[in-house]
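Novice: One line per chain: the protein sequences are A and B, in this order.
Plus 23 on top of the position in the first sequence (first one is 1) and you've got my numbering.
Plus 576 on top of the position in the second sequence (first one is 1) and you've got my numbering.
Calculated from the structure, these hints are not laboratory results.
Even for Gly, the Cβ is constructed at its ideal location relative to N, Cα and C.
Hints should not be assumed to be uniformly reliable.
[Stated by the list, open to error] Calculated pairs, DSBU-like style, for lysine-lysine (alpha carbon to alpha carbon, straight line, at most 30 Å): (1) A:Lys156 - A:Lys200; (2) B:Lys824 - A:Lys357; (3) A:Lys103 - B:Lys800; (4) B:Lys798 - A:Lys103.
[Unchecked claim] What follows is a list of derived Cβ distance ranges for each label pair: (5) B:Lys827 - A:Val400: 44 to 50 Å; (6) A:Gly106 - B:Gly796: 16 to 22 Å; (7) A:Leu79 - B:Pro896: 38 to 44 Å; (8) B:Gly868 - A:Thr351: 40 to 46 Å; (9) B:Lys800 - A:Ile323: 18 to 24 Å; (10) B:Leu854 - A:Glu424: 50 to 56 Å; (11) B:Ala797 - A:Ala118: 29 to 35 Å; (12) A:Ile233 - B:Thr823: 55 to 61 Å; (13) A:Ile323 - B:Lys802: 32 to 38 Å; (14) A:Gly106 - B:Lys847: 41 to 47 Å; (15) A:Gly106 - B:Lys800: 21 to 27 Å; (16) A:Glu424 - B:Leu889: 41 to 47 Å.
[Stated by the list, open to error] To be clear about the criterion: a stretch of chain A counts as covered by chain B if any three or more of its residues have a C-beta under 8 Å from a C-beta of chain B, and this derived list gives those stretches: (17) 98-106; (18) 365-376.
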Amino acid sequence: MSCDGKLSLGAVSRILFLAATIAIIWLGAGGGAFATIDVKAGFIRLPPTQETVSILDTPAQDDGIAGARLAVEDNNTTGKFLGLSYSVEDVRLQAGDDPIQVLNSFVEHKVPFVVADVPASTLLTLSAAAKEKEILLFNIGAPEDSLREEDCRANVFHVAPSYSMLADGLAQYLAWKQWKRWLLIKGSHPQDELYADALRHSAKKFGLKIVDERIYQDTGGGRRSDSGSVQTQRLIPPLTQNAPTYDVLIAADESNVFAGYLPYGTWDPRPVAGSAGLEPLSWDGSHEQWGAAQLQNRFIKLASRRMNARDNNAWVAMRIIGEATSRTNSIDPKTIKDYLAGPDFAIAAFKGQKETFRHWNQQLRQPILLGDGRMIVSVSPQEGFLHQTTELDTLGLDEPETRCTLQ
Amino acid sequence: MMGLGEWARAARACSACVFFMILPPINSLAYAFSAYISNEKGNSISIIDTDRMEVTKTVQVGHRPRGLALSKDGDELYICAGDDDLIQIFDTKKLAITGTLPSGPDPELLILSPDGKLLYLSNENDNMVTAIDVTTRKVITEIPVGVEPEGMGLSPDGKILVNTSETTNMAHLIDTQTHKIIANILVDARPRAAQYTPDGAELWVSSEVGGTVSVIDTAGAKVKQKIAFAVPGLSKEAIQPVGLRFTKDGKTAFVALGPANRVAVIDTATKKIQKYLLVGQRVWQLAFTPDGKYLYATNGVSNDVSVIDTANLKVVKSIPVGSFPWGVAISGQ
Chain A
24 MSCDGKLSLG AVSRILFLAA TIAIIWLGAG GGAFATIDVK AGFIRLPPTQ ETVSILDTPA
84 QDDGIAGARL AVEDNNTTGK FLGLSYSVED VRLQAGDDPI QVLNSFVEHK VPFVVADVPA
144 STLLTLSAAA KEKEILLFNI GAPEDSLREE DCRANVFHVA PSYSMLADGL AQYLAWKQWK
204 RWLLIKGSHP QDELYADALR HSAKKFGLKI VDERIYQDTG GGRRSDSGSV QTQRLIPPLT
264 QNAPTYDVLI AADESNVFAG YLPYGTWDPR PVAGSAGLEP LSWDGSHEQW GAAQLQNRFI
324 KLASRRMNAR DNNAWVAMRI IGEATSRTNS IDPKTIKDYL AGPDFAIAAF KGQKETFRHW
384 NQQLRQPILL GDGRMIVSVS PQEGFLHQTT ELDTLGLDEP ETRCTLQ
Chain B
577 MMGLGEWARA ARACSACVFF MILPPINSLA YAFSAYISNE KGNSISIIDT DRMEVTKTVQ
637 VGHRPRGLAL SKDGDELYIC AGDDDLIQIF DTKKLAITGT LPSGPDPELL ILSPDGKLLY
697 LSNENDNMVT AIDVTTRKVI TEIPVGVEPE GMGLSPDGKI LVNTSETTNM AHLIDTQTHK
757 IIANILVDAR PRAAQYTPDG AELWVSSEVG GTVSVIDTAG AKVKQKIAFA VPGLSKEAIQ
817 PVGLRFTKDG KTAFVALGPA NRVAVIDTAT KKIQKYLLVG QRVWQLAFTP DGKYLYATNG
877 VSNDVSVIDT ANLKVVKSIP VGSFPWGVAI SGQ
């Protein structure tokens, strides 16, 4: 491994060979009571290069992969009783790297499961390359609804919640709070529009009103400067001035450009939600209910930092691989795919109830946490939002409205 | 004049002495059972007089008290103080903490060996089951198990210790002589309680997230049946079986269903659910009074304890206790 953390393909091959060797040694040490099945997983990541508004959000070098490593430890604790040995290989892509080459290397080394923390376009490239091959992909980084709808793929399981699930989780809580009038402010990047669109859809779904929409133009430049808060203090109030009466300011800033400046800066004294303030999240370092404290403790021990949503998505993906392989005693992608999409699969992921896959688009059903960065304020689905199948399906696009045809 | 309740207490205190039932003593020696409730967030133990069905005292203990076990003579209550990484010894007469036992990290649940000499406990943070000699207060052994060890049970003959691991989703069967694992049985997601039927033929394991109770045939060490629950008007995700107890005769099982706010009553032989009893919010652990007449159920979210009349299958009382009640143990004195 070179010092920038990038793993060359040659290194991947060497490590995979090493993993196989270790598995054989391990089998020998186990006394040969039963044959060990080696369960290999690949991890492809293309970390975002953008700066964050808050320095506290700067991603660690092992962002995401650390969660997968913890799940491998957890899986192996179970696996040692069943003759299953788990490992994960981390491949960190640099801009310009060919993800297909990485995928082919995994195929060559008979790695049946690949956890992908990559943008939507890269995920589709990987999915197309994996077609007709013995490989299943687990999406932990791309929240685009299109991946679960018109661009859904049979060889992709989505562990990360979609924009519509996140937006619905937030909207249900704001509906419960009776904060029904929203002022929506979105960034100028395409990704911001995707999130804004999900928020608009949620507002409509739950009878809330967007009274006005504004755009924050990203004019470039760095987030860090020594001049402090002087400029932003003057910039944010006029941006939110002369708005129709509203209850809450909703920000769609997927590019991490401006939302962090909004709280306490608005013209009218109003709470902020969305990309800042009260954020809908799949996980947060402050979450401790339903036994989550145990998972948080294990993670801190391993990574010397707190577990974020990306780490947790990776942990859940690897645990799903662990659960499915230990229940079916198989590493055959077809067997695993059928099991995951079938009625018998459920994963315990420390959010208060079992999580299962929506069979029509292979999205993991899950509660959405609402956090302000220090506390979990609430968890959706909110009480009273009912559904004929499961209340978790009040979050995100539902079966009757899906545009997904898996193939 | 003695009231009926006092008569009952006097009779129970000295059931062998029929004499007293005819001629009550002038100074009644009667005392009720004591139910001890651990309040997870209150960092306290609520002590309930089971005849009066009310809290007589609340004692501050260590941080995050959960699992409870009583010594054979009932003089000592062992409290898992998870966030303090130790077991506290609570003197039930002095009503004070009198010592500690080493436990390893984050003890959650414990069980006393039938001879009263050993305490077996699960270390949730450390993937271990620890055995402690109660007399010497020393750790005898640590047994590696699955991720997040939780429930502890013992076969009626004391030969097999069973531990459940929440994230590994197994029941680990451990030989109490050799302290070696003899079987690992996969059950549904997030297993919690493990209880043998009084005849030892079956081992029942509740799965909180899976929403089922697995019935394991102890002879073959295999799951032979899974009991599922359905409460009209409740989503299946809300049904989360946790606490599990059999009546002394083994004929009936009671299962606490967590956020379903119900205790299920199951016929042990047919595995059929006879009734769902509405209790408080997020019902967790269960314990019988020693006479088997009442079942106490801790309700974590509503901060109370439901008392179930086991003969009539009715909830007869809700007793307010401390913050987030979790465990319950009831002594015969």
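Novice: For every hint, state whether the structure bears it out.
Specialist: Evaluation of the provided hints:
1. Taking the CA atoms of lysine 156 of chain A and lysine 200 of chain A, the gap is about 49 Å. The hint is violated against a cut of 30 Å.
2. The straight-line distance between the Cα atoms of lysine 824 of chain B and lysine 357 of chain A is roughly 48 Å, outside the 30 Å bound, and the hint therefore fails.
3. A hinted pair counts as satisfied when its Cα atoms are at most 30 Å apart, and lysine 103 of chain A with lysine 800 of chain B qualifies at roughly 24 Å.
4. For the suggested pair lysine 798 of chain B and lysine 103 of chain A, the alpha carbons sit about 19 Å apart, so the restraint of at most 30 Å is met.
5. The given range of 44 to 50 Å is respected by lysine 827 of chain B and valine 400 of chain A, whose C-beta atoms sit roughly 47 Å from each other.
6. For glycine 106 of chain A paired with glycine 796 of chain B, a C-beta distance near 20 Å keeps the hint of 16 to 22 Å intact.
7. Separated by about 41 Å at the C-beta atoms, leucine 79 of chain A and proline 896 of chain B satisfy the suggested range of 38 to 44 Å.
8. Distance hint check for glycine 868 of chain B and threonine 351 of chain A: the Cβ-Cβ separation is about 43 Å, which falls inside the suggested range of 40 to 46 Å.
9. The hinted window of 18 to 24 Å between lysine 800 of chain B and isoleucine 323 of chain A is violated, with their beta carbons roughly 40 Å apart.
10. For the pair leucine 854 of chain B and glutamate 424 of chain A, the supplied restraint of 50 to 56 Å is violated, since their beta-carbon distance comes to about 36 Å.
11. One distance hint, 29 to 35 Å for the beta-carbon pair alanine 797 of chain B and alanine 118 of chain A, is violated here, with the actual separation near 54 Å.
12. Between isoleucine 233 of chain A and threonine 823 of chain B the beta carbon distance is about 59 Å. The supplied range of 55 to 61 Å therefore holds.
13. For the pair isoleucine 323 of chain A and lysine 802 of chain B, the supplied restraint of 32 to 38 Å holds, since their beta-carbon distance comes to about 35 Å.
14. The supplied range of 41 to 47 Å is broken by glycine 106 of chain A and lysine 847 of chain B, whose beta-carbon atoms lie about 31 Å from each other.
15. For the pair glycine 106 of chain A and lysine 800 of chain B, the supplied restraint of 21 to 27 Å holds, since their beta-carbon distance comes to about 23 Å.
16. The hinted range of 41 to 47 Å is satisfied by glutamate 424 of chain A and leucine 889 of chain B, whose Cβ atoms lie roughly 45 Å apart.
17. Using a Cβ-Cβ cut-off of 8 Å, 4 residues of the stretch 98-106 of chain A lie near chain B, which meets the minimum of three, so the contact claim holds.
18. Closer than 8 Å: that is the beta-carbon criterion, and the stretch 365-376 of chain A has 5 residues meeting it against chain B, so the requirement of 3 holds.
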